[in-house]
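Note that the protein sequences, when read in sequence, are chains A and W.
FYI, UniProt numbering numbers position 68 of the first sequence as 68, with every residue one higher than the one before it.
FYI, UniProt numbering numbers position 150 of the second sequence as 150, with every residue one higher than the one before it.
The set of hints was computed from the structure by calculation and includes no laboratory data.
Each residue gets a CB set at the ideal place from its N, CA and C atoms; glycine is no exception.
Treat the hints loosely; a few may be bogus.
[Stated by the list, open to error] In silico DSS-like links for lysine-lysine, alpha-carbon gap of 30 angstroms or less:
(1) A:132 <-> W:83
(2) W:83 <-> A:157
(3) A:119 <-> A:75
[Unchecked claim] Sample of chain A residues at the chain W side, in silico, Cβ under 8 angstroms:
(4) 122
(5) 155
(6) 162
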Amino acid sequence: MAAATDDAGDSNEMIRVVSSDGEHFEMPEAAANLSLVLRHMIEDDCADAAGIPLAVVAAKPLAKIVDYCTKHAAKSSGLTIEEAEELKRFDAEFIEVDTDMLYDLLVAADFMGVEGLSKLAVQRTADLIKGKTPEQNRETFGIVNDFTPEEEEEICKENEWAFQITKPPSRLC
Amino acid sequence: MSASDLPDELWARVLELGAASSALGFRDLCALAIACRRLRRLSLHPSLWSSLLSRDFPSQSQPSSSSASSSSQQQLHPKSIYKTKFERHKVRMAEARRRVVFEAEGRVLACWRRLAQLEESLQAEGEKMKAAAQELDNLERVRSVVCFESKTIPSHVPYVLIDSK
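Just chain A, with the same shape it has in the complex:
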């Protein structure tokens, strides 16, 4: 009994991280282990009371990432169907963010090596591109049209085959 609580105590050790703008966060070690970078630092005994500094991750995205990792670490193995469903719902709500936060999460998850979150953010970005016109893409992602009018005309012509009204082949076959 005592040994069991000791074990639980060990794996529940809190890991401190510090954002680029100096904010401190805490998460269970199991959560920190979801980040490849944090795991390596923990393994190398770099996780001390001062916290692991994350030079390129600001407080806002870091708070989200700590949330994500904590939730996923708590439900990592032996999921029931309901738990898996709940985690899916959590992910879907979690990634409902504006594009600024989405970019921050893309970069931060990639930097910290949080594979699940990285995939989630990448998929979300792809879903945002889906079905948009070039102009809508520029609006959504704040992209500046840097083609000259001549280039643009040529590029539109080059791609116009895709926009003539017809159903995509996969749905016709």
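Knowing the structure of chain A, use the given hints to seat chain W on it.
What follows is chain W alone, placed relative to chain A:
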């Protein structure tokens, strides 16, 4: 941070995963190509179009057995190959639709013909019926005359009543 601050590598991963997970199709990649120079370059990556090719044209993804066409295809960008296949597919689909319409029109025509035949025979039957009714009428007349002649008609039944039957 804005989209332009995202490194190429992350954009490439978005497109790669999007194409692999079917979130992005040929039209999305073409729409991106028109958005700006960088996305044009990234959306042209051959592996993206190769994966779209094998997804949308799975039966044709094997390189052609004739060496002449396979060697000429190797020099083409997969996007061009996709475009060619797509347009060929479109033509085939249009032909298939035309064929369906043609066949349906044939069936409609056959139905019209059958309808005309039925109307014709309806008319013939009507005439036959009229003739039969006439015949029946005549027979009745004959019968009543025969009855009149062969039976002893009670004296109180006037001839007129029997005739009018």
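Quick rundown of the hints versus the structure:
{"no.": "1", "hint": "A:132 <-> W:83", "result": "20 angstroms, holds"}
{"no.": "2", "hint": "W:83 <-> A:157", "result": "13 angstroms, holds"}
{"no.": "3", "hint": "A:119 <-> A:75", "result": "18 angstroms, holds"}
{"no.": "4", "hint": "122", "result": "5 angstroms, holds"}
{"no.": "5", "hint": "155", "result": "6 angstroms, holds"}
{"no.": "6", "hint": "162", "result": "4 angstroms, holds"}
Violation of the numbered hints given earlier is absent; every hint is satisfied by the structure.
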